[in-house]
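*Asks:* If you want the building blocks of each chain, they are given just below.
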Amino acid sequence: GDSVTQMEGPVTLSEEACLTINCTYTATGYPSLFWYVQYPGEGLQLLLKATKADDKGSNKGFEATYRKETTSFHLEKGSVQVSDSAVYFCALGHLQGGSEKLVFGKGTKLTVNP
Amino acid sequence: EAQVTQNPRYLITVTGKKLTVTCSQNMNHEYMSWYRQDPGLGLRQIYYSMNVEVTDKGDVPEGYKVSRKEKRNFPLILESPSPNQTSLYFCASAGTLNNEQFFGPGTRLTVL
Chain A
1 GDSVTQMEGP VTLSEEACLT INCTYTATGY PSLFWYVQYP GEGLQLLLKA TKADDKGSNK
61 GFEATYRKET TSFHLEKGSV QVSDSAVYFC ALGHLQGGSE KLVFGKGTKL TVNP
Chain B
1 EAQVTQNPRY LITVTGKKLT VTCSQNMNHE YMSWYRQDPG LGLRQIYYSM NVEVTDKGDV
61 PEGYKVSRKE KRNFPLILES PSPNQTSLYF CASAGTLNNE QFFGPGTRLT VL
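Residue numbers (this note's numbering), protein chains in the order written: chain A, 1 to 114; chain B, 1 to 112.
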């Protein structure tokens with residue numbers, strides 16, 4: 001079945017450091033890929049997405065490129081801020097036999113210190 | 001304001017006492033889904049619905065029921081809750097799977 005593996009946290013960085021959170025997936029066909037962010041005490045919000053190979057999703061300074069050859073969708077940001085502290089989830093959406101569902105990774109907690 | 005609402009936000013109950021968590025969206029979305037979030041396990045899908053009267057099991061459906069009688073509502077029913085259903089539950093909706101999924105604020109359930 002479909003699955004998503006993302007790097008385990010927690011990740012602790014200083015403000016203005018570079019961030020990479022690795023995400024790889026296993027799926028047949030051509031899934032859509034997502035990064036969601038969960039701020040403390042809140043629900044998940046879509047951060048960015050890519051729907052086909054080589055697409056780059058970007059938002060709020062974050063980027064991720066859909067790499068079919070390496071089955072990866074790593075999240076990157078060049079300079080993190082304290083306000084980026086949150087849990088980040090990689091996810092894929094795949095059409096299976098007429099049914100669709102979203103599969104999430106386990107999440108990576110990021111803490112950014114001033 | 002476009003939103004997904006869940007009620008209650010917090011609930012403490014006892015084993016075996018039936019409960020319902022409501023979910024409602026005001027965006028006319030076809031797709032709705034329920035997830036549970038547990039430490040170290042991330043989010044796991046319980047049930048989803050592609051449209052009215054169309055529901056299907058996710059990865060962890062045991063012990064849960066859902067219904068989709070109206071497009072805007074997708075209640076989660078626990079007929080006989082057990083302590084292993086203590087979790088944080090999220091409802092979500094989307095126009096199609098490749099569009100953004102909007103999440104509710106979550107319901108923290110404790111079963112004693």
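If you are wondering where the hints come from, they were derived from the structure by calculation, not from laboratory data.
Do not take every clue at face value.
Unchecked claim - One side only, chain B facing chain A, incomplete, derived with CB under 7 Å:
#1 43
#2 45
#3 58
#4 62
#5 90
#6 104
Unchecked claim - Calculated pairs, DMTMM-like style, for lysine to aspartate or glutamate (alpha carbon to alpha carbon, straight line, at most 20 Å):
#7 A/109 - A/8
#8 A/77 - A/2
#9 A/60 - B/100
#10 A/101 - B/59
#11 A/101 - B/38
#12 A/68 - A/15
#13 A/101 - B/100
#14 A/101 - B/53
#15 B/18 - B/30
#16 A/52 - B/100
#17 A/56 - A/42
#18 B/71 - B/1
#19 A/56 - A/76
#20 B/71 - B/56
#21 B/57 - A/2
#22 A/101 - B/79
#23 A/56 - B/100
#24 A/106 - B/30
#25 A/106 - A/16
#26 A/101 - B/1
#27 A/109 - B/38
#28 A/77 - A/63
#29 A/101 - B/30
#30 A/106 - B/53
#31 A/106 - A/15
#32 A/60 - A/2
Said to hold, decoys possible - Some chain A residues close to chain B (C-beta under 10 Å, calculated; not the full set):
#33 46
#34 78
#35 81
#36 104
#37 105
#38 112
C-beta: ideal position from N, C-alpha, C; glycine also.
*Asks:* Just pull the numbers of the violated hints for me, sorted ascending.
*Replies:* 4, 8, 12, 15, 17, 22, 24, 25, 26, 30, 31, 32, 34, 35, 38
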